[in-house]
Every structure is written in structure tokens, then in C-alpha cells.
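Model the full assembly from the supplied sequences, consistent with the hints where possible.
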Amino acid sequence: MSLFNVFDISGSALRAQTIRLNTTAGNMANTDSISSSTGATYRARQPVFAAQLDAAGEAMGGVEVLGIVESQAPLRREYRPEHPLAGQDGYVNLPNVNPVEEMADMISASRSYQSNVEVFNTSKQMLMRTLSLGD
Amino acid sequence: MTIGFEKALSVHAQALTLRSRRAEILAANIANADTPNYQARDIDFSAALASLQGQDGALKTTHAAHLPAAGEARDNLLYRTPDQMAIDGNTVEEEQEKTAFSDNALRYQATLQLLSNRVQGLLSAIRGE
Numbered sequence: 001m002s003l004f005n006v007f008d009i010s011g012s013a014l015r016a017q018t019i020r021l022n023t024t025a026g027n028m029a030n031t032d033s034i035s036s037s038t039g040a041t042y043r044a045r046q047p048v049f050a051a052q053l054d055a056a057g058e059a060m061g062g063v064e065v066l067g068i069v070e071s072q073a074p075l076r077r078e079y080r081p082e083h084p085l086a087g088q089d090g091y092v093n094l095p096n097v098n099p100v101e102e103m104a105d106m107i108s109a110s111r112s113y114q115s116n117v118e119v120f121n122t123s124k125q126m127l128m129r130t131l132s133l134g135d
Numbered sequence: 001m002t003i004g005f006e007k008a009l010s011v012h013a014q015a016l017t018l019r020s021r022r023a024e025i026l027a028a029n030i031a032n033a034d035t036p037n038y039q040a041r042d043i044d045f046s047a048a049l050a051s052l053q054g055q056d057g058a059l060k061t062t063h064a065a066h067l068p069a070a071g072e073a074r075d076n077l078l079y080r081t082p083d084q085m086a087i088d089g090n091t092v093e094e095e096q097e098k099t100a101f102s103d104n105a106l107r108y109q110a111t112l113q114l115l116s117n118r119v120q121g122l123l124s125a126i127r128g129e
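Protein sequences appear in the order of chains A and B. Just so we're aligned, residue 1 is where the first sequence starts under this note's numbering, counting upward by one. Just so we're aligned, residue 1 is where the second sequence starts under this note's numbering, counting upward by one.
Just so you know, these hints were derived from the structure itself, not from any lab. Possibly wrong hints are sitting among the right ones.
Stated by the list, open to error - One side only, chain B facing chain A, incomplete, derived with CB under 10 angstroms:
{"hint": "1", "residue": "A33"}
{"hint": "2", "residue": "H66"}
{"hint": "3", "residue": "E94"}
{"hint": "4", "residue": "Q96"}
{"hint": "5", "residue": "S116"}
The beta-carbon is built from N, C-alpha and C at its ideal position, and this holds for glycine as well.
Next comes the structure, spelled out in C-alpha cells:
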């Protein structure tokens, strides 16, 4: 029965969008996480989405998160000699999080989440109606 | 006079199967609305139904490794042509997919209603009330 697969498909999308919302929340929370060394500075994270494939390499319909990558954009540097974490030159490192991008990403993720919930609910209704066939 | 269940339910049973298959395909499109390089798929409903109807007495595949007989493609899945392609190669247009999904769901319920009426007719014939 194909309709049962819809639950797997929409469920996988809900999971993927939740991961996306989580990374966005993490990025927004760390917008001002100042650090003294470039290596220890927080970098914006993004999930990588891909279509789920079965053993034969055919699309199964769902979506999966292949992994989470860190943004390669340059870190922000600010001159704050009074800051306790400032380096010898008086500069501190700030994460490469772009709040505007993150907000847009958050809205997109939340809209996609809603769409998939709607698909889920509609399919549930269709199945419930089918179960009461002939009543 | 004989009443065959197959005959009584006729095209509606096949249409219902096809509708649920289409719901699955459209759900997959909506699920992959943010997947880079994902290509939206769909089926031509009337063509698929016509090919299903022409299959009476066709060879059945009883094993996953069996190949379908000629002219009996497993799924005639097509690719949707987008009006505006996303920069990441994704061809899903959410509004279009959502509309198609709701439309498909409504038509599914309509078919279900017709089927339900047929079943009720059969039931009253069986009971002889």
C-alpha cells in the first residue's frame, strides 16, 4: 500500500528539517561567541540534504541528511583591545555566522516542515477513510 | 445472472491504487523541496490508468527479480518541467506540488466514495433485503 510509504517519506523530511532548524538555532546562539584563536572559533554549520536511495540506487522518495558541514567563509575580526580574549594585536575572532542568512534559512525550514505535516495529515485522513470503506 | 466483484468494483479499484501511488510520488516531491539537484517526478494519471486497464490477463511478476513483460513498464514516471529552476538544480515548485497533492487527495476520496457505494450495493444484494 503506497499510502503507508507517505508516512516514511514525510517523516524523513520532518526529521531533516528539524536537523536544519537545530543547526540554525546553534548558529544564531553562537553569533557572538568570541574566541582568541582562529581554530577555536565557532563556524556556521549547515546540513547537507540528499534524496534517499535504495540498494539499487533508485530514489525511495524520502530525504536524508548526509552530514553537517562547517562554512568556509572567513571569520569576522574586530579590534577590541580591552577584551580579555583579544590577541597580541588587539583583535578578537568572531564566528562567520550571517544572521540574515540564518533567519531566511529558519523561515524556509519552518515552512517546509509545515508542508510536510500537512501532507502527513492528509494521508492519514485518506487512510482512515479507506479503512472505513463500505461502512 | 452473476455478479463478479472484479466487475462490480471495476475501474475504481485500479484508480484508487494509482491515486495512492501518485500521493506517494507527490509527497516525495514535497519532502525533497530543499534537496539540491532533486528532480520533481509525476505520473500521467490517465495514461497510467489506461495502461493498467489494458493489462487484463497480462503476465504477472511474482518475484522481485522478474522482469515486466514488454509494454508493461513498472512505473511510467515522468520528470516535471519547472517554470523557474532553483539555483541548486532543484525542480520542485512547492505551490504546484501542494496543489497537485490536494487535488489528488480529493479525487482519491471521490473514488473511495464511488467504491463505497458499489460495496454497499453488493452488500444489499448479498443480504437480499
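query: Under the criterion of a CB-CB separation shorter than 10 angstroms, is A33(B) in contact with chain A as hinted?
result: This hint holds: A33(B) lies near chain A, its Cβ roughly 6 angstroms from the closest one there, short of 10 angstroms.
Checklist entry - Is the interface hint for E94(B) satisfied, with its Cβ closer than 10 angstroms to some Cβ of chain A? => result E94(B) check passes; min Cβ-Cβ to chain A is 6 angstroms, inside 10 angstroms.
- Task: Please verify that hint: Q96(B), Cβ, nearest Cβ of chain A, below 10 angstroms or not.
- Result: violated, 12 angstroms
* Go through the hint on S116(B) and say holds or violated, using the shortest Cβ distance to chain A against 10 angstroms. => Check passed: Cβ of S116(B) comes within 6 angstroms of chain A, closer than 10 angstroms.
- prompt: Was the hint right that H66(B) lines chain A, CB cutoff 10 angstroms?
  reply: violated, 15 angstroms
Comparing the model with each numbered hint stated earlier shows that hints 2, 4 do not hold.
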